[in-house]
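Chains A and B, in that order, are what the protein sequence lines are.
Position one of the first sequence corresponds to residue 1 (my numbering), numbered consecutively onward.
Position one of the second sequence corresponds to residue 1 (my numbering), numbered consecutively onward.
Hints are computed from structural coordinates only; laboratory data are not their basis.
These numbers were taken from a predicted model, which means no experiment stands behind them.
One should not assume that every hint holds.
Copies of the same chain look alike in the list, so a pair counts if it works inside one copy or between any two.
[Stated by the list, open to error] Capping the alpha-carbon separation at 20 Å, the derived lysine to any residue pairs in SDA-like fashion look like this: (1) Lys295 - His269; (2) Lys63 - Ile117; (3) Lys85 - Glu315; (4) Lys47 - Trp215; (5) Lys25 - Asn185; (6) Lys239 - Arg54; (7) Lys325 - Leu156; (8) Lys325 - Tyr167.
Number of protein chains: 2
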Amino acid sequence: MSSAIDQLICNHCQTVFPLNDLRWKCTCGSYLDIQFKATMDPEIIQKQSHSLWRYHQAIPVTKSENIITFGEGMTPLIEIQIQQKSVFLKLDFLFPTGSFKDRGASVLISKAKELGIEEVIEDSSGNAGAAIAAYGARAGIRCHIYSPENTSPAKLAQINAYGAQLYQIAGDRENASRAALEKTNNIYYASHVMNPFFMQGTKTFAFEICEQLGWKSPDMVFLPVGNGTLLLGAHIGFKDLIQNDIIKKMPRIIAVQSKNCAPLYHLMHPEISPIKNSGNSIAEGIVIRHPRRGKQIIEAIIDSHGEIIIVSESEIKRTMTNLSKRGFYVEPSSAVAVAGITQYLPKINKSSIVISTLTGHGLKTNK
Amino acid sequence: MSSAIDQLICNHCQTVFPLNDLRWKCTCGSYLDIQFKATMDPEIIQKQSHSLWRYHQAIPVTKSENIITFGEGMTPLIEIQIQQKSVFLKLDFLFPTGSFKDRGASVLISKAKELGIEEVIEDSSGNAGAAIAAYGARAGIRCHIYSPENTSPAKLAQINAYGAQLYQIAGDRENASRAALEKTNNIYYASHVMNPFFMQGTKTFAFEICEQLGWKSPDMVFLPVGNGTLLLGAHIGFKDLIQNDIIKKMPRIIAVQSKNCAPLYHLMHPEISPIKNSGNSIAEGIVIRHPRRGKQIIEAIIDSHGEIIIVSESEIKRTMTNLSKRGFYVEPSSAVAVAGITQYLPKINKSSIVISTLTGHGLKTNK
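Go ahead and model the full structure; you've got the sequences and the hints to work with.
Have a look at this one:
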């Protein structure tokens, strides 16, 4: 990794802070991003271990001894047919904790170790909490995880098993965030949404796809979006690849939301009146009514010449059933992006390289 | 793959049958093994895809187009310390269905496709059933899965999701086997125990370990044993590596059983009277009272100069808790072998390369 310009920068007032500062938000209250020159050389990369840490030179964790890893990443990229159109699925449910959130947790907890942090707080609807708890356990960092009371029992049992302190908060996802925020004055906030090091992990999704395609960019990437931690990471990753002259163009990012909870879709389409509905979805991982990086997500989508689409509960359920009957057993949030592809198919060029991702294991589903 | 001597051979009367015969047992009633010359060349292997199918030349599936895969295998091999002794854990819970059984299912279902089979039967306490169902789903092969009625709900839901026909059989694991056997006259028996192609998949466990160690053999391999499908596969795999002159010696295989259900231990130690107990264990995956390949398992252990040890329920529980507090969230059967290492530690040379495996994901545990 290079140094020179490495720093934290406020997304609102552009104030900068050293990269190793222990803060997760600006003095103005807004969130921080990372300015960091990622170095990538395919010849060096191909000689590295078969995990996401093969891209260590592109990740702002300085010393190898601080890396907290289970050998995760480089998940399979599998070609399937959706109505005669070839599509690649990235099997990101094959992470140690059963979801793609391990990408972010591995990098964020490694950075926390590098910063000498011994205790962290996180709030999550389940998957990110499990990921932070697992990597915290491996690092010997104490974790406090705040989850809404309606979180899947399987996810709560998992967070508990890792030895994290679990707090079940009455009310919705936002209440859990508020409860966690109250404690962040004294304890480092390992938030998968607010802490920018998390996206320095999820960006490896873009690296792996391009490497697995033979260092080529796909044309379109369909992603499920709630808080946008994967989308923002992928956008950073594709930018890193372009800056290193490895790919030529940014793929179009098509964000997919549940029709029942689609704040980003309505932010991008103010002309469309939101339909009154329950606000809930079986895709529990992306039910986020007020995505804290919402504006940034929209900017990333526009930058990629992408768009946001919405899918109904019945489209999500049908897709999930179809996927499992083809051997891909995933949780409902994972079916969202594939449902999006199916809906968008008439607008997709036959020769386009199209990617989607299966983000969480079916074994995580509420029983 | 080579041909010449490729054939099925009866383990009892040595009658031989063509490798592509549709039978799974000998006319004498005993089970079959495979005589097959596995070809392995590290230089070729390292250029292949990063899945267990990189060893295709060593697997008796002829045509690449018959391979049924999710890109599985090459699971991480992670070094941890157990009381200051370095031990490698093979993370075999990171398979598409959440257990190592995918190794066998991928090869067995690929072979079934090659044989033109459209429908299969399997009986299982859960994990092998899920694996056969998933690969069957991907192959378009109809699956009938027989499971004991006390199988974990998470595993039953998973088998159902893949679209397999599930039969819950009253009574124990053996009853489920008997119910399945009754149907095998008309439908191909894709048994992970009886069908020898399954072990041609689990043998890739040995290949991966040796490759990940730099084409070196470990000194000791600790494995949980119920029906022995992993142990028998690993033994075949190490033999293949020796025959190809890639490793020099067979590692000692230390089989670990639950004290509550240890028929193999008592077969090997007739001088020790079995303790009266429930016969049940939280390690449900290895509660097999009459392992159908029992004699063969003992022979493999003796051939490796290994042995069988037993661990108590409290050792299993303590180890499972310790593992999850270090970030490894696995089902109880997975903790058995690591508990075995802990018990055996005083007899292990400090410089020995010791391997164990985590066979099933914690998300599979009965809730």
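Structure-inconsistent hints, enumerated in ascending order: Of the numbered hints given earlier, the structure breaks none, since each of them holds.
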